[in-house]
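Each chain is listed here by its residues.
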Amino acid sequence: MSARQIFARPARYAAIAPYVWMVLFFLVPFGFVLKISLSETAIAQPPYTPVFDVAAGAAALREAFAALSIDNFRLLVSDNLYVLSYLRSLVVALVSTSILLLIGYPIAYGMARLPKRWQPVAMMLVIVPFWTSFLIRIYAWINILQHDGLLNQILLKLHLVSQPVVWLSTDSAMYLGIVYSYLPFMILPLYATLAKMEPALEEAAADLGAAPNEVFWLVTFPLSLPGVGAGVLLCFIPIVGEFVIPDLLAGSDSLMIGQTLWLEFFMNKDWPVASATAIVLLVLLIAPLLAYDRLQRRQLETR
Amino acid sequence: MAEEAPRIEAASEPAKPEPQPQADMPLLRIEGVAKKFGGFRAVDGVSLDIAAGEFFALLGPSGCGKTTLLRMLAGFETPDEGRILLNGRDIAQVLPHERPVNMMFQNYALFPHLSVRDNIAFGLKRAGMARRDIEPRVAEMVALVKLDGLEQRKPDQLSGGQRQRVALARSLARRPQVLLLDEPLAALDKKLRESTQLELMELQRRLGMTFIIVTHDQEEAMTVAGRIGVMDAGRLEQVATPRELYEAPLSRWIAEFIGEVNLFDGQVESRELNRLVVATREGGTIVAAAPRHPVTRNTVSVAVRPEKVKLSRRGPVSDGTNTHAINRLEGVVTDVSYLGGSTVYKVRLDSGALVRSSMANTARIDIDAYSLSQRVVAWFTPDDCMVLQQ
Chain U
14 MSARQIFARP
24 ARYAAIAPYV
34 WMVLFFLVPF
44 GFVLKISLSE
54 TAIAQPPYTP
64 VFDVAAGAAA
74 LREAFAALSI
84 DNFRLLVSDN
94 LYVLSYLRSL
104 VVALVSTSIL
114 LLIGYPIAYG
124 MARLPKRWQP
134 VAMMLVIVPF
144 WTSFLIRIYA
154 WINILQHDGL
164 LNQILLKLHL
174 VSQPVVWLST
184 DSAMYLGIVY
194 SYLPFMILPL
204 YATLAKMEPA
214 LEEAAADLGA
224 APNEVFWLVT
234 FPLSLPGVGA
244 GVLLCFIPIV
254 GEFVIPDLLA
264 GSDSLMIGQT
274 LWLEFFMNKD
284 WPVASATAIV
294 LLVLLIAPLL
304 AYDRLQRRQL
314 ETR
Chain P
228 MAEEAPRIEA
238 ASEPAKPEPQ
248 PQADMPLLRI
258 EGVAKKFGGF
268 RAVDGVSLDI
278 AAGEFFALLG
288 PSGCGKTTLL
298 RMLAGFETPD
308 EGRILLNGRD
318 IAQVLPHERP
328 VNMMFQNYAL
338 FPHLSVRDNI
348 AFGLKRAGMA
358 RRDIEPRVAE
368 MVALVKLDGL
378 EQRKPDQLSG
388 GQRQRVALAR
398 SLARRPQVLL
408 LDEPLAALDK
418 KLRESTQLEL
428 MELQRRLGMT
438 FIIVTHDQEE
448 AMTVAGRIGV
458 MDAGRLEQVA
468 TPRELYEAPL
478 SRWIAEFIGE
488 VNLFDGQVES
498 RELNRLVVAT
508 REGGTIVAAA
518 PRHPVTRNTV
528 SVAVRPEKVK
538 LSRRGPVSDG
548 TNTHAINRLE
558 GVVTDVSYLG
568 GSTVYKVRLD
578 SGALVRSSMA
588 NTARIDIDAY
598 SLSQRVVAWF
608 TPDDCMVLQQ
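In order, the protein sequence lines correspond to chains U and P.
Count the first sequence with my numbering and you get residues 14 to 316, in order.
Count the second sequence with my numbering and you get residues 228 to 617, in order.
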């Protein structure tokens with residue numbers, strides 16, 4: 014046996030670990046959800062039929078399989094409520110991610126250009142909010158934005174408004190909450206790519222006659238695209254499924270898909286429709302993930 | 228096409244007429260330039276003229292301020308004091324992208340997302356050059372640095388030597404009035420570095436361009452440059468040709484920095500017409516040729532390069548004319564290093580001092596080689612001595 018084979022064996026086992034993890038904690042639960050999404054709601058325990066019972070024998074299992082249907086998915090497509098929820102989720106995620114990129118990029122750029130000894134401090138400042146519970150921070154925003162909240166008090170004191178402004182239960186409040194909560198996820202990957210970029214590259218561009226805005230758009234920005242991609246995905250994907258922030262800060266007239274899902278599950282006790290909603294959401298999110306994966310692979314190839 | 232010497236034209240400002248250079252004005256004049264970082268004076272009052280078509284080297288140990296000076300020429304740092312005149316125009320405050328000067332960076336700083344072709348064309352596009360003019364210029368540059376066939380490659384698909392060539396082509400493409408090179412060969416291995424030095428010289432001569440190279444490698448500076456400015460602690464210590472720098476350094480520090488040297492500290496005992504007699508502690512009385520610049524102090528160092536120190540068994544054979552002036556130091560060989568082209572001997576003098584002698588191996592079979600513990604006479608003429616004031 015050659016040395017290569019001896020070393021190859023444990024390495025091969027180690028390579029299996031992530032697949033085991035994926036199967037155990039993603040594929041198997043996904044199978045459960047997929048099965049439930051093809052079931053029918055029932056007043057029972059569990060609240061759907063059919064139920065696979067291996068003990069009941071092969072014939073019963075075959076019958077149970079035959080009872081599965083894609084009716085729930087038909088419902089999702091035909092009922093405006095779901096389509097609008099999906100659309101709203103995508104729009105909210107798109108708008109929030111754009112705002113996050115517009116705010117996060119300059120912050121990350123500024124951080125990366127700070128003197129080396131100040132960079133860890135800036136990094137701390139970005140991370141510090143995580144030390145407080147996410148829910149408490151959102152409730153703090155409710156406090157600030159409510160009718161007699163801090164914001165309105167200041168605006169009134171400064172005579173900028175004569176009447177308290179309605180902030181809470183608006184889309185603005187929701188966007189504020191989302192941008193506030195996700196900003197670190199946008200800043201950190203951007204900062205990581207910008208900080209490791211060789212400063213001589215920007216100098217070389219300037220040396221070759223590029224004005225400051227050309228330096229940015231022709232060199233800095235293209236080279237930071239991996240960070241942009243990572244930041245956008247880290248924000249976009251969870252925002253599409255966001256439930257707490259719209260529930261607490263936005264109005265109740267239109268729902269995001271996370272809220273719809275929650276309602277189906279906990280209010281209507283309709284597990285099958287809720288599962289179908291989750292499956293469609295997953296499919297919608299896999300598309301940008303695959304796109305990002307392809308982008309990264311292309312970058313690895315050129316390396 | 229290739230044999231035709233390319234004209235120098237400022238690609239950055241094609242429409243603007245160049246300011247008329249004054250007759251007595253060199254291409255580049257650096258006047259009392261200083262740069263502070265905090266309380267540290269990185270460059271401390273440097274004045275220097277560089278003529279058009281010169282290959283000039285800034286040489287010094289790391290941290291001596293040579294790179295800071297170069298970065299001020301490129302525009303990445305602004306001088307706190309002094310002026311930088313290019314063709315008579317003060318460019319000290321001009322932004323980097325508006326200077327008719329280009330730089331080749333130490334680690335090349337090639338744009339990793341652009342192909343070789345686009346890297347070279349980058350500066351041409353910024354200068355607003357017409358598309359139909361860019362292609363031939365890029366092709367010319369690619370041919371100049373022998374990169375044919377690699378135009379579509381990305382920098383990380385190139386070897387170190389090829390990257391170095393792309394960086395050179397990119398910085399030459401705009402035909403700058405001055406090309407700045409920041410340790411351009413530091414990343415190459417010794418063999419490649421030596422051949423590239425020769426190519427750089429060839430290129431500079433062919434283009435007739437002004438090159439300013441920063442290096443810490445004295446051999447490199449001496450190989451490529453016509454003149455060398457030696458810097459130490461932010462100051463320009465000496466500006467001279469390589470030969471002058473080696474044979475007539477202005478200070479003990481420069482003598483030690485450039486090459487090897489034997490140093491004897493002592494007092495001037497008497498001055499003759501063109502001879503100085505110096506009483507040294509370690510080498511006895513040494514007769515030295517008086518240097519061109521007047522020796523104002525009594526405490527001096529006599530410096531002798533190892534290859535000027537000859538060894539013999541009984542001292543030089545007298546031909547009856549100059550025996551009185553030959554310096555003879557007696558001692559014992561304590562170390563012999565055979566280096567191929569030469570052999571370096573270390574001789575422990577009777578005074579206890581160590582003297583180095585480098586003898587060229589001119590014959591294959593050397594009957595005259597000296598061996599360890601052998602008693603020898605190390606000798607040199609007054610003209611071999613450099614008298615240095617501290």
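Treat the hints as calculated values from the structure; they're not laboratory data.
Check each hint, because a few of them may be wrong.
Straight-line Cα separation of at most 25 Å, SDA-like style, residue types lysine to any residue; simulated pairs [to be verified]:
1) Lys352(P) - Ile318(P)
2) Lys263(P) - Phe65(U)
3) Lys352(P) - Glu215(U)
Note that the coordinates shown come from a computational prediction; the quantities given were computed from them, not determined experimentally.
We went through each hint and held it up to the structure:
no.: 1; hint: Lys352(P) - Ile318(P); in the structure: 23 Å, holds
no.: 2; hint: Lys263(P) - Phe65(U); in the structure: 79 Å, violated
no.: 3; hint: Lys352(P) - Glu215(U); in the structure: 16 Å, holds
Checked against the numbered hints given earlier, the structure breaks only hint 2 and satisfies all the rest.
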